[in-house]
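Chain residues, written in single-letter form:
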Amino acid sequence: MKRQIPLLLVLVFGIFMIFQYFVPHESSEWIYEFFLDWIYIIGIFALALGIWSLIRVSYDKIKYKKPNWQYAVITLAGLFAMILFGFDYGRHFFSAEGLSNYMFRAFFDYILIPIQATMFSLLAFFIASAAYRAFRARSLLATLLLVSALVVMLRFNPYFGPIGPYLEQTASWLLNVPNLAAKRAIIIGIGLGMVATALKVILGIERAYLGKD
Amino acid sequence: MKFKMLLALILLCFVSAVSGFGQSAEEIMALPDSMAMAPPAPPSNVRGVDTDNDHGHSITLTWETSPDDGAGLNNVIGYKVFRAESPDGPFIERALIPSGGTGHIDVGAKEKDANDYLPDHVGFYYKVRAITADSLIYAESEVFGPVQSYGQWFNTGRVPVLVFVIFFLFVTLFFIQKAKGGANLFVRRLAGIEAVDEAIGRATEMGKPILYVLGLGTAADIATIASYTILGRVAKKVAEYQTGLIVPCYDPIVMTVAQETVKASYMDAGRPDAYYEDMVYFVTQSQFAYVAAVNGTMLRERPATNIYMGKFYAESLILAETGALAGSIQISGTDEIAQIPFFVVACDYTLIGEELYAASAYLGREPLLLGSLKAQDYAKAAAIIIAIIGFITMNFGIEAFKHLFYVSN
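Going down the list, the sequences are from chains A and B. Quick note: the first sequence, position 190, residue 189 per numbering that gives the first Met the number 0, numbers continuous. Quick note: the second sequence, position 194, residue 193 per numbering that gives the first Met the number 0, numbers continuous.
Extracted from the complex, chain A is given alone in its bound form (with noise of 0.2 angstroms):
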C-alpha cells in the first residue's frame, strides 16, 4: 500500500499532464497551475529539511574536530548571520528590513557575488587546461578536432589578410555542417530518451525514486 499510493498517483497525475499538454483550454491551465503551486510548497518544506542537513554535517564536523573543521564554523556562522540579518533584529543597528538590510546586502554584494564571480572566472583556466589534454595530436580524429577548433578560434583574426574569408567560410560550414549535424542527433536521441524515461516513470516501471520496494 505504501508503494501503490504513490505510483497510481504517479500514474494519475502524469496521465493528466499528458492530457493537459493538448487541452488549451482555461480550466486545464488553471488545474496545471494549481498543481505546480504545490512544487512551491513541497520545495519550501524541502528547503527546511535541507537547511537541517547542512546544520547537522557542519556540526558534526565541529564536533569531532574532522579536517578543515573550521570552514564548518564559517558555514553555519554565515547562513546564521544572513538569517538574521534578513529578519532584520536589532532596529538600532540595522537600517532596513529584509532584503533591502543593510548588513544583509553588504555581504551578498561585498562578499557572496565577488566570490562566485571568482569561482566563475577559474573556468577560464580550467577551459585552457582541459583545451590543451583535448587538442594533443595523439591520433588522427584527436588531429582533425585540433584543425577543427584552431579554424574554428582563428576565424576573426584580422591578420590573416586575403586568406581570413576562407577561414571564415570553413569555420561556419564546420559549425553549421558537421558539427550541426552532430548535435541533432544527440538532440533527438535525448528527446526519445526523455519521452521513455517519461513513460517508464508514469506507467511505474522506472521507480528507483521512490526507495526501498
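Quick caveat, the hints were computed from the structure, so don't treat them as lab data. Among the hints, a few may not be true.
[What the hints assert, rightly or not] Incomplete in silico selection of chain A near chain B, CB under 10 angstroms: (1) V22; (2) I38; (3) I41; (4) A45; (5) W51; (6) R55; (7) T117; (8) L122; (9) S128; (10) I189; (11) A207.
[Said to hold, decoys possible] Keeping only pairs whose Cα atoms sit at most 20 angstroms apart, straight-line, the calculated PhoX-like set for lysine-lysine is: (12) K177/B to K379/B; (13) K401/B to K379/B; (14) K1/A to K262/B; (15) K379/B to K182/A; (16) K207/B to K60/A; (17) K65/A to K207/B.
No residue lacks a Cβ here, since even glycine has one placed at the ideal position from N, Cα and C.
Starting from the known structure of chain A, arrange chain B on it as the hints suggest.
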C-alpha cells in the same frame, strides 16, 4: 547678415503660428487641398475570429490594407485597432500596427481584475483606422462584430505530437510484451556504466570514498530521475563492498529523494546498519557556492571515484577538472549538449545524452526496461527515415511532407 537671417526666420515662425491660431481641428482639415493632406482611403473587409488553439481571451483580426498604403496617396503610416462592447462605442485603442500590416491578434488578460481583461463569450466590435503623419487625418473602416473569444478543448496544432506519443507508447508496450515473452533483446555495450563496477572496486582497494554528484537539476528533471537509478546501483555496490559514499546535493527535494534511494540500496544489499543519513546532504542552492563546496570535498577527501550524473551547467568543467587534478577516476553523464564536450575532455568515461537514460535499463536488464530501450531504437530509426524522406521531398520542392510535422505552440 547672419543676425538678419535669424530675425527673419523667427518672424516667419511667429507669423505662421499667429495665422493658424484659433482655428479648430476641423478648420485645419478643411483647408484647401493644396495646403492640407488628403485623408487616405479606409482599410476594408475587417474580419475577426476567435484565435485557434488557445485558452480563450484572444481574437484574431484581419483586414485589407488601405489603397493609399504604399500606393495611391501613399500617406498611410500605420493602422490603429479599436475595440468596443457595442457598435456605437466607446471604442478603446488596442494596438498600433505599422503600414502594410493586415492583421493583429488582440490578446487580453484572463484575470478579471487585470486592466486589459478580455472576457470570453462576450461580443466585441472592432474597427481599424488608417493613420497618416498628421494625427487629425485618418480614415476608419466599417465596424465589424460581434465576435467572441472562447477556449478550445483540443489543440489541433499538436496532432503530430499526439500521433508520435501514441506510436511510441504502442512500440514500447509491444517490446515490453516481447521481452516478457523471453525474447533476447540486444543492448550495445555502455562503457561508462560498465566502468562503474570497476571504479567502485578501485575505491574499495584504495580505501577511499566515492563522490556522487546529481547535478543542478530539480527532482522533476528527467536527467535527475535517470540519475537516481544509477545512484541506486552505485549505492548498492558501495554497500556490498563497504566503501564510503558522499552525495552533496544542490536541491533539497533532490536530497530527500536521494536519501531514500541510497537507504533502499543499503537495505537491498543487506547492510542497513552501514547507512547513515548524512552521506547524502544538502549544500546550497547557489551554483558556484555549490561548486566550491564540492571541489573542497574532492581536495580534502580525495575520493577514488567521482560520478557526475544529471543536469549540469557552467560548473561541469570546474568540477571535472578539479576531480582530474585530485587524481580520481571520473564517470559522467548529462543531457546538456553544451556540457558534454567538457565532460568528454575531463572525465575518463562519459555517457552522452540518451545513454544517461539507457543506463537504468542497461543496469537492471529487466524486460520491462529493455523493452522501452528497444522502442527508443525503433523511434530513432523512424526519425532517420523521416529525415531522409524530408531531405528528398524538400529537394524536389514538395512542401506538403514538411507541413505534416508542423507543431504550433
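Return the numbers of the hints above that this structure violates; sort them in rising order. Of the numbered hints, all hold.
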